[in-house]
Each structure stands twice: as C-alpha cells, then as structure tokens.
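Colleague: Sequence:
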Amino acid sequence: MKVTFFAQILALASLALGAPHPSDPETTAAKGRATWFHPALGACGWNHGDGDMITAVSHIRFDAFRPCGRNIRVKGPAGEAVVTVVDRCTGCARDDLDLSPVAFKKTVGDLGKGHDQVSWGWA
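Per mature numbering (1 follows the signal peptide of the UniProt record, and there is no 0): the sequence shown = residues -18 to -1, 1 to 105.
It is worth saying that the hints were derived from the structure and are not from the lab. Note that the structure is predicted; figures quoted are calculated from it, not measured. Backbone N, C-alpha and C define an ideal beta-carbon position, used for all residues, glycine too. Do not take every clue at face value.
Derived lysine-lysine pairs resembling BS3-like cross-links, with alpha carbons at most 27 Å apart [claimed, not checked]:
#1 Lys95 <-> Lys13
#2 Lys13 <-> Lys57
#3 Lys88 <-> Lys13
#4 Lys87 <-> Lys13
#5 Lys57 <-> Lys95
#6 Lys87 <-> Lys57
#7 Lys57 <-> Lys88
Simulated restraints on C-beta separations [what the hints assert, rightly or not]:
#8 Gly96 <-> Met35: 16 to 22 Å
#9 Lys57 <-> Gly27: 26 to 32 Å
#10 Ala11 <-> Lys95: 30 to 36 Å
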C-alpha cells in the first residue's frame, strides 16, 4: 500500500512540474521600454561585447525563470531582431529590455535616443 501511495504522489508531482506556470515566459508577448548598455560579463556568466545581438531582461523575469541563452524576437520603430538573453537588468520594469548597442540600433535606431518602446516575445 505504501508503494502505491508513493507512486501516486510522484505521478501527481510530475504532472504539476510539467504544467505551464500562468506567468511562464512561453505564454506571453510583451511591450516595454528598450534601453542600451555596453555588455561585458553578464549574470549568465558569459562575456559579450557591443557587437553581439544580446539583451538583459528585467530582474523580475530573470529571477523567476533564469532565461540564460533564450532567444527573444524584438520589434521596434527601426526594425526587428532576434537577441539572446545573457544578463539581468536591475533597473528594468518587468517587460523592459536592455539591449546591446548593435541590437538597439537594429530595433530602435540611433543610440542617442536612449530608449523607446518595443514589443517582444520568446523566439
């Protein structure tokens, strides 16, 4: 009897772990503010430079899902790009992105703008 009860608990636990979380990054698209930064060693432990198509996501999303290496498709007033999550942005609101200079130029435009609205989703 103990083995059967234990097996049932394990089966239910595995189902719960496989169920998508309501705020899981797979289920949502977002609109937020894009800024840019000079990347170096990021929270994911990788070094990157200004010419890499990378982004930092908000500390809220990063801490909840640790999306290191995940791709994001960003659409802004200047165009669209796919970037890779490599860092955590402590000054960002939940749906904001902090892009590398090359990614910012491709999606928002001139670095002198500093920031602009973008839409994005997990690619």
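Colleague: Each hint needs a verdict: does it hold in this structure or not?
Modeller: Going through the hints against the structure:
With a C-alpha separation of about 18 Å, the suggested pairing of Lys95 with Lys13 holds against the 27 Å cut-off. Proximity of Lys13 to Lys57 is assessed by CA-CA distance (about 9 Å); at most 27 Å being required, the pair is judged to hold. Annotation: proposed proximity of Lys88 to Lys13 holds, straight-line Cα distance about 17 Å (limit 27 Å). Annotation: proposed proximity of Lys87 to Lys13 holds, straight-line Cα distance about 18 Å (limit 27 Å).
Between Lys57 and Lys95 the CA atoms are separated by roughly 16 Å; this keeps the pair inside 27 Å, and the hint holds. Straight-line distance between C-alpha atoms of Lys87 and Lys57 comes to about 12 Å, which keeps the hinted pair within the 27 Å bound. Taking the CA atoms of Lys57 and Lys88, the gap is about 9 Å. The hint holds against a cut of 27 Å. Between Gly96 and Met35 the C-beta distance comes to about 20 Å, which sits within the given range of 16 to 22 Å.
Remark: the range hint 26 to 32 Å for Lys57 to Gly27 is upheld by a beta-carbon distance near 28 Å. A hinted range of 30 to 36 Å for the beta carbons of Ala11 and Lys95 is inconsistent with their spacing of about 23 Å.
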